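Undergrad: Chains as they are written, first to last, in our numbering: chain U, 1267 to 1663; chain F, 12 to 218.
Because the hints were derived from the structure by calculation, they are not lab data. Note that this is a predicted model, so its numbers are computed, not measured. All C-beta atoms in this analysis are idealised placements derived from N, C-alpha and C, irrespective of residue type, glycine included. Zero decoy hints are in this set.
In silico contact screen, one side only, chain U against chain F (beta carbon under 10 Å); selected entries:
#, residue
1, Gly1327
2, Gly1329
3, Arg1330
4, Gln1332
5, Asn1333
6, Arg1334
7, Tyr1335
8, Asn1338
9, Val1586
10, Gly1588
11, Leu1601
12, Tyr1641
13, Ile1642
14, Arg1646
15, Leu1648
16, Lys1649
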Amino acid sequence: MTHLALLAQQLDQIFVLAKHWLLGFVPAGAQPLFSAVLSVVPVILAFPLLFAITTWIERKGLGRMQNRYGPNRVGPFGLLQPLADGVKSLTKEDIVPLTADHAVHFLAPILLVSAAFMDYAVLPIGRNMVIANLNAGVLFFFAVGSLMELAVFMAGWSSRSKYSLLGAMRAIAQMISYEVPLVLASIVVIMQAGSLSTVAIVNMQAAYTGIWPHWFVFTPWGFAGFVLFMVAATAESNRSPFDLPEGESEIIAGYYTEYSGFKFALFFMGEYIGMFATGGMAITLFLGGWSAPFAFLTWIPSYFWFFAKLLTLIAVFIWVRGTLPRLRMDQLMNLAWEFMLPMTLLNLLTAGAWHFMSAGLLRWFVCSTMVVVPYILLSRGLKQRKKFQIRTYHFSE
Amino acid sequence: MVGEGILKGMAETARNFFGSYVSKDRLTTVQYPEQRDAQIEAARSFPFLVYDGADWHDGMRCVACQICEKECPPKCIFIEKSKDKKPDANGKPQFYPATFNIDISVCMSCQICVEVCPFDAIMMDVDTDLSTDDRFGGLLLDKQRLSKSNEYYNAIHPTEAAAVDARLAVERARQEAKAKAAAEAKAAADAKLTAATPAQPASGEPR
Chain U
1267 MTHLALLAQQ LDQIFVLAKH WLLGFVPAGA QPLFSAVLSV VPVILAFPLL
1317 FAITTWIERK GLGRMQNRYG PNRVGPFGLL QPLADGVKSL TKEDIVPLTA
1367 DHAVHFLAPI LLVSAAFMDY AVLPIGRNMV IANLNAGVLF FFAVGSLMEL
1417 AVFMAGWSSR SKYSLLGAMR AIAQMISYEV PLVLASIVVI MQAGSLSTVA
1467 IVNMQAAYTG IWPHWFVFTP WGFAGFVLFM VAATAESNRS PFDLPEGESE
1517 IIAGYYTEYS GFKFALFFMG EYIGMFATGG MAITLFLGGW SAPFAFLTWI
1567 PSYFWFFAKL LTLIAVFIWV RGTLPRLRMD QLMNLAWEFM LPMTLLNLLT
1617 AGAWHFMSAG LLRWFVCSTM VVVPYILLSR GLKQRKKFQI RTYHFSE
Chain F
12 MVGEGILKGM AETARNFFGS YVSKDRLTTV QYPEQRDAQI EAARSFPFLV
62 YDGADWHDGM RCVACQICEK ECPPKCIFIE KSKDKKPDAN GKPQFYPATF
112 NIDISVCMSC QICVEVCPFD AIMMDVDTDL STDDRFGGLL LDKQRLSKSN
162 EYYNAIHPTE AAAVDARLAV ERARQEAKAK AAAEAKAAAD AKLTAATPAQ
212 PASGEPR
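Can you build the whole structure from these sequences, using the hints too?
TA: As structure tokens, this is what we get:
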């Protein structure tokens, strides 16, 4: 039994042990640099691979939701489709508009992708598997995440195209509006954990009562926070139903209208990498990070659980994309400021009440009421404001 | 409440997702080059020229009247009339197109050429496998590429072709009857002529 436990532990730490083993060959002076490289390179390899797999899953899944097959020509079950897409985007001509600001136009996709990758610095992918255990990890995550907005605006501005600029303006308005509920929804976890370190937050959740884990999502404020966080994350990563910035029927492709070839592919990848990062943050904050869902499953390596949860969240993202139509701009803004923001603010009070009340059924009842009642009232408020009337176009008369 | 409709919609997409693995009639996609649906009779792609008999050039019904060329809205037909005449399927000497080109990159499949043709010589094809890597020559069809047999026409549009064949048979019978009547009349006239001039020397004598 102890042998098995040791084996499970070693399997869990296999990447950590491998890194230490490799570092043994390097002179002491160069060890910090090599340690950084050995931590960063796997992330830079693993997540683009996940991106490739996700594009395949997404196209297959969306196809099935619309009663189609999805890609099934390139390779078995169309599995080599991402490779074919990559080759295609590499061989395409890279067109830069004549009047574009060439330097900024060139830098925008690079900044987007690097900002997306920097998010992973603080994500604990497994036990002892985090690139940098910052004591302000959550803060770092959101600070770097907002760099993506800068990249989007650089792209829209430098293209010197009306569609790009309008798309960028929409994207910025949306991303800034939803950044507020995104951060506020995660504050409840920081309140409860008393730490901004992602590692500490996961460690708090990796404990069990009986077989049940101490994930924050299994509390009223945690559940509300998780749902709000996921809605805001969908909007942050410009995914359907919040994909207004690339509303192809109105503004061609939004801020990346003037991008082609591999720069376009970089934008595409940056968005997905960013989506995985926010998904990973949701897992870290609410779904117990790398911890197993049941106490008797802890022998399965921690990194497996992280990626299993991430793939589940990706599947939900795809499912939502296959279901919902795109929102209108005013609906988008109303949802952010009239529903999400009050809900997240009230959720802070709920988390506070949870913290100061003693454990028991009463605490559950009070906190659940504090979530459900505002939810019902706010959603009624959203509905009542709907006025149907004949639209008049002032400029056509 | 917010989210109620979303959950309903997500249940619907989930039903579609799993249903597509279970029930085969949900997936209506035909895997095109390997599988093909039966062609519907009224389908049409681009015009072709009908010929009777075995040889495409000898049996060509087209007499280069150029009505289709004039009527074609996008002007995708180009015809050059021949200088000489050749016998058509009925043996009657007719002009024939020295050049007959249709640029199918311009053609809009309107079928007006078919409607105006007095000789039932041009008909609509159903072939859609026309993609080519030569966007000029590959899409400019000459008269040899346009020519297809009457049997082919009968195969793709059986009802329409049967009607055309019946009409042509009636026309042919009428032509034959007319020719026969003319021949008889001519023979009778000849007989009358010979009877009226008995003084003429008998046949066999050198003229």
